[in-house]
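Required output: the full structure, derived from the provided sequences and hints.
Residue numbers (the working numbering), protein chains in the order written: chain A, 1 to 65; chain B, 1 to 252.
It is worth saying that the hints were derived from the structure and are not from the lab. Heads up, a few of these hints could be off.
Every beta carbon over 12 Å from chain A, so not counted as near; a handful from chain B, in silico [stated by the list, open to error]: (1) Gly15; (2) Gly50; (3) Gly59; (4) Phe107; (5) Glu122; (6) Asp130; (7) Gly153; (8) Pro172; (9) Val174; (10) Asp232.
Here are the computed distance ranges between Cβ atoms for each label pair [to be verified]: (11) B:Arg56 / A:Asp38: 46 to 52 Å; (12) A:Ile12 / B:Arg30: 42 to 48 Å; (13) A:His10 / B:Met166: 48 to 54 Å.
Idealized CB from N, CA, C, for every residue including glycine.
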Amino acid sequence: MRIEVNGEPHDIAAPTLLDALRELGWAEARVVTAVNGDFVPLSARAAHDLRDGDRIEVLTPMQGG
Amino acid sequence: MLFYGTELSSRMMLGTAQYPSPAIMEDAFRRSGASVATVSLRREGGRGQGFWDIVRKLGVHLLPNTAGCHSAREAVTTARMAREMFETNWIKLEVIGHSDTLQPDPFGLLDAAETLSAEGFEVFPYTTEDQVLAQRLLDAGCKVLMPWGAPIGSGLGLNNRHGLRMLRAAFPDVPMVIDAGLGLPSHAAEAMEMGFDAILLNTAIAQAGDPALMACAFARAVEAGRMARDADPMSPRDMAVPSTPVIGKAWL
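Have a look at this one:
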């Protein structure tokens, strides 16, 4: 399945958002996620099925004003 | 002064961006005495954990922002993500309406403020000095307002003193933070003298030649301005009034 992660195309086998994060190497990372512009909380990642063409945002704390 | 029930030890809120190094940022925070640090969320590129560790060590309240969001929907999603990441209901709500001025989009701001307040967020809206918008934001559930001094990063100071004074007078009991546009400590002192409760700044300190020294200068200006407000300043007059007694002057 081809999805977009932080603006970059990725081919992944993982069926859910939780699995996709593991596959992408973010299993232990402190990140928050959105799919197609909607927030997906940590508790909902395992049950969130991904579809071809989904846009995933994986965000982390950063400097801000 | 309480911000959503939290008493702050300092009237300065400081951004965490644009410093020459993390060590200089830490130094600037220490010298400023700031009680709140603004932070953001950006795409994971491997540097997030390091920044998170530095920011937690500052030991101040975290105020995540929705910087760069140009629609209510983007801002609402960002706020929800920030709440999970930073474990706070506080959100500095920015909905930008114009990319040159970074002026708030009042319609998107109100829309997002309504949604987020209903979800239990404690919204710090980055707004203009418009009184009608201020009332609508309060009606939406905001208990703090953050009127701009001048466009973000401009360093121009208080661009519309009359409007800011009117806003302060219209809502005397609402905690208000002058957010954005301050360039010099004198701007901060003036904001405090006008009765604003706190200031939020970033660029003026981070981009100074010596950020830690400038942080100290701003801290003293905030303190001086607040003291002056509490001390009930004299009213200005058009004509001179001699301060030395006239009675008893020698006839020479």
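Results for each hint:
With a cut of 12 Å on Cβ distances, Gly15 (chain B) falls inside the contact zone with chain A, its closest approach being about 3 Å. Against chain A, the non-interface label of Gly50 (chain B) is violated: not every CB pair exceeds 12 Å, the least being about 10 Å. Every Cβ of chain A is farther than 12 Å from the Cβ of Gly59 (chain B); the closest lies at roughly 16 Å, confirming the non-interface assignment. Annotated as non-interface, Phe107 (chain B) keeps its C-beta farther than 12 Å from every C-beta of chain A; the closest such distance is 19 Å.
Glu122 (chain B), annotated as away from the interface, keeps every beta carbon of chain A farther than 12 Å; the closest lies near 17 Å. No beta-carbon of chain A comes within 12 Å of the beta-carbon of Asp130 (chain B); the shortest separation is about 22 Å. Chain A draws Gly153 (chain B) into its interface by the beta-carbon criterion, the shortest separation being 8 Å against a cut-off of 12 Å. Listed as a non-interface residue, Pro172 (chain B) keeps its Cβ farther than 12 Å from every Cβ of chain A; the least gap is roughly 28 Å.
With a closest Cβ-Cβ approach of about 23 Å to chain A, Val174 (chain B) is found to remain outside the 12 Å limit, as its non-interface label requires. Against chain A, the non-interface label of Asp232 (chain B) holds: every CB pair exceeds 12 Å, the least being about 34 Å. Judged by the Cβ atoms, the range 46 to 52 Å given for Arg56 (chain B) and Asp38 (chain A) is violated: they are separated by roughly 28 Å. For Ile12 (chain A) and Arg30 (chain B), the Cβ-Cβ distance of about 44 Å falls inside the hinted range of 42 to 48 Å, so the restraint holds.
Range check, His10 (chain A) to Met166 (chain B): Cβ separation about 53 Å, and the 48 to 54 Å hint holds.
Checked against the numbered hints given earlier, this structure breaks hints 1, 2, 7 and 11; the rest are met.
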